[in-house]
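Residue numbers (this note's numbering), protein chains in the order written: chain A, 178 to 486; chain B, 244 to 613.
Simulated from the structure, these hints should not be mistaken for laboratory data. Backbone N, C-alpha and C fix where the C-beta goes; we use that ideal spot for every residue, glycine too. Honestly, I wouldn't trust all of these hints.
As the list claims (entries may be wrong) - To give an idea of the interface, some chain A residues facing chain B are shown, with a C-beta separation under 10 Å as derived from the structure: (1) Pro204; (2) Gly206; (3) Phe210; (4) Phe362; (5) Ile364; (6) Gly365; (7) Gln367; (8) Glu370; (9) Ala373; (10) Leu375; (11) Val381; (12) Ala382; (13) Pro389; (14) Val462; (15) Arg464.
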Amino acid sequence: MSGTTVATAPVQRASTVTRLRGWLANPWGRPRFLVLITWSYMVWSIVPVLIAIQFSFNASRSRTIWSGFSLRWFTWDTDSVMNDPDLRHALGQSMKLAAADVLIAVPIGVLLALGLARWRGRGAGTSNFIMLFPLVTPEIVMGVSLLLVFTHIFTVVHTGTLAQVLGHITFSISYVVVIVRGRLFSIGRQYEEAAADLGASPAVALFRVLLPLLTPAIVAGAAITFAISIDDFVISQWLSSGGGTVTVPMLIYDATRAAPLPSINAIASIMAFVTLLSVLAGFLVYRAFTRGERGAGGGMVGDMAAFDI
Amino acid sequence: MAGEVTLVELVKRFGDVTAVDGINLEMPSGEFFSMLGPSGCGKTTTLRMIAGFEQPTEGRILLDGNDMAYTPPHKRNVNTVFQSYALFPHLNVADNVAFGLRRQKVGKHETRERVAETLELVQLTGFEKRKPAQMSGGQQQRVALARALVLKPAVLLLDEPLGALDAKLRKALQLELKALQQQVGITFIYVTHDQEEALTMSDRIAVMADGRVEQVAPPREVYEEPSTVFVADFLGVSNLMDAEAVGGANICRLQVGDFELDATQGKTDARGSVRVTIRPERVQLEAQDATGQNRVPGMVERLVYLGNSVQVIVHLAVGTTIQALVQNVGTEIPWKQGTPVQAHLPADALRVLDDTGAALAPLDEGAVPA
Chain A
178 MSGTTVATAP VQRASTVTRL RGWLANPWGR PRFLVLITWS YMVWSIVPVL IAIQFSFNAS
238 RSRTIWSGFS LRWFTWDTDS VMNDPDLRHA LGQSMKLAAA DVLIAVPIGV LLALGLARWR
298 GRGAGTSNFI MLFPLVTPEI VMGVSLLLVF THIFTVVHTG TLAQVLGHIT FSISYVVVIV
358 RGRLFSIGRQ YEEAAADLGA SPAVALFRVL LPLLTPAIVA GAAITFAISI DDFVISQWLS
418 SGGGTVTVPM LIYDATRAAP LPSINAIASI MAFVTLLSVL AGFLVYRAFT RGERGAGGGM
478 VGDMAAFDI
Chain B
244 MAGEVTLVEL VKRFGDVTAV DGINLEMPSG EFFSMLGPSG CGKTTTLRMI AGFEQPTEGR
304 ILLDGNDMAY TPPHKRNVNT VFQSYALFPH LNVADNVAFG LRRQKVGKHE TRERVAETLE
364 LVQLTGFEKR KPAQMSGGQQ QRVALARALV LKPAVLLLDE PLGALDAKLR KALQLELKAL
424 QQQVGITFIY VTHDQEEALT MSDRIAVMAD GRVEQVAPPR EVYEEPSTVF VADFLGVSNL
484 MDAEAVGGAN ICRLQVGDFE LDATQGKTDA RGSVRVTIRP ERVQLEAQDA TGQNRVPGMV
544 ERLVYLGNSV QVIVHLAVGT TIQALVQNVG TEIPWKQGTP VQAHLPADAL RVLDDTGAAL
604 APLDEGAVPA
């Protein structure tokens with residue numbers, strides 16, 4: 178092996194493998210390898226959902242064999258979402274829990290975020306840390322603990338809708354706090370100080386300056402709260418008292434273990450659609466409100482990442 | 244006339260750190276008063292205490308004789324122009340400026356009039372409907388000014404308001420700010436770390452270091468007659484030399500190394516170990532064979548071309564390095580690196596300083612700032 182042979186050898190056409198490598202990993206070209214991985218993941222994660230949604234429009238009773246488009250499982254079949262009382266009720270229960278959760282958890286979460294972000298001193302760090310606990314506690318542990326609390330300590334609550342609402346609030350408050358607190362940190366204290374400097378009492382500063390600036394984070398928090406409440410299975414299941422307190426995820430779980438009809442797909446499609454819509458609405462509002470803000474390049478994700486512990 | 248601020252033995256501690264260490268200052272009504280110092284000297288903390296964002300640990304803050312140290316910020320008749328402007332991003336220019344008037348429950352008609360008037364004052368008529376994000380830095384800065392001025396405060400506090408702007412705009416706004424202050428006639432308390440800014444605009448300057456006031460005087464006096472080593476050093480380059488004051492009364496006889504120098508400025512009655520300073524523009528470089536009083540031989544170490552002048556760094560035979568500023572009058576200067584010269588340090592330019600006050604931040608020998 179000598180260097181001279183290599184130097185004098187005629188330039189050979191690159192092999193197919195080399196060319197493919199060059200196409201995938203050309204440092205000056207588009208990052209095709211990353212694009213490939215990203216799209217593979219997108220397909221992998223979204224195709225099952227799309228198939229499930231597709232079969233909610235199936236014309237036959239099969240959930241595996243496609244026999245044409247139909248809205249029967251949404252509207253006119255006796256077992257459709259509209260006609261089956263169990264399905265209708267589950268949908269109602271899920272919506273009720275999600276709405277109650279948003280209405281209660283968001284205001285409390287905003288207040289907690291304000292308190293925690295502006296509280297300096299002994300105990301502040303600990304409280305901030307504890308606030309994140311529900312985010313990392315396994316849901317099943319929280320479900321069991323809440324069940325014990327409601328059946329042995331606060332027995333007035335019982336299991337049922339009230340317990341489910343309380344359960345949902347317990348874990349969704351943390352999400353609101355994290356999002357709102359992140360935004361509070363990223364906007365800093367300067368606007369509050371400016372408001373006070375111009376003669377605004379703390380209450381006026383809160384309503385005229387701070388809350389308008391927090392609106393995007395509050396809306397994002399509400400959207401996420403709604404989405405995770407609609408989606409929740411474990412806590413709803415543990416705190417349910419059967420019958421009227423069955424939510425959509427619980428119903429789907431039970432149904433798929435028996436002999437499911439495409440109406441289950443239909444109700445799942447409705448849930449997916451509602452969740453998607455709420456998150457999309459949250460995102461759009463967030464973007465609309467933060468447009469043109471200085472240093473808001475990170476946007477919602479940046480704000481969420483801005484919290485520190 | 245209202246707007247007289249007096250600080251009495253003002254102290255602010257954050258935990259173990261003393262940010263402001265017993266400040267006494269009097270800022271008479273209608274004065275353009277600057278607090279000048281390096282970062283961490285306590286100037287911003289002092290301003291924030293006057294605004295009410297921080298509570299003093301000790302001491303009093305008098306506005307026209309009334310102690311307002313414990314009055315919350317929204318009840319003080321002072322307004323602030325923030326370094327970051329802190330314009331409300333969700334409100335347009337007119338609403339930003341009207342914010343304070345609405346808090347005072349000023350009528351709709353009057354509010355509109357005063358907003359228009361103030362926007363005219365800062366030359367922003369026609370920008371009412373813009374959002375802050377749609378404006379340039381200089382324009383935002385004017386909105387911030389208008390928002391504070393519209394309330395006709397007794398005192399306007401400015402926290403490095405020009406810090407975020409580029410040099411050219413900063414120069415233009417310096418002159419504008421000064422003119423504006425003379426026009427509205429209220430007390431301006433201005434915080435900056437830029438000595439040129441302070442010298443250009445102020446009626447008086449308080450030079451601060453380590454939470455204390457080093458010297459309070461008009462710009463000329465602070466620059467020409469610094470009372471401490473720190474002030475001399477902070478306001479432009481100062482050639483500092485260690486000397487031994489050995490005699491004289493009006494004329495102080497100094498022993499610097501093997502040389503004897505006379506000084507007529509500063510604490511000429513001092514005795515013993517002192518520091519002596521001379522402004523670079525007062526150092527005269529002469530040919531090696533020049534003779535006479537107050538001359539020290541040296542060698543040119545480096546020449547730095549500055550455009551309007553040439554900075555000559557000379558290593559003196561007494562061991563210290565000094566700078567001389569030679570005006571650029573179109574002729575080439577006769578010295579090169581290594582040329583032996585005589586440095587003439589005129590007696591009326593040599594200042595004897597008190598070696599009290601804040602210690603200087605150590606600079607390494609070679610890195611003499613221009």
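We went through each hint and held it up to the structure:
1. Pro204: violated (36 Å)
2. Gly206: Violated, because the Cβ-Cβ distance from Gly206(A) to chain B comes to roughly 36 Å (cut-off 10 Å).
3. Phe210: Violated, because the Cβ-Cβ distance from Phe210(A) to chain B comes to roughly 38 Å (cut-off 10 Å).
4. Phe362: violated (15 Å)
5. Ile364: Because about 9 Å separates Ile364(A) from the closest Cβ in chain B, which is inside the 10 Å limit, the hint holds.
6. Gly365: holds (8 Å)
7. Gln367: holds (4 Å)
8. Glu370: holds (5 Å)
9. Ala373: holds (4 Å)
10. Leu375: holds (4 Å)
11. Val381: holds (7 Å)
12. Ala382: Check passed: Cβ of Ala382(A) comes within 8 Å of chain B, closer than 10 Å.
13. Pro389: holds (5 Å)
14. Val462: With a closest approach of 13 Å, the Val462(A) hint is violated.
15. Arg464: The hint is violated - Arg464(A) has no Cβ within 10 Å of chain B, the shortest such distance being about 14 Å.
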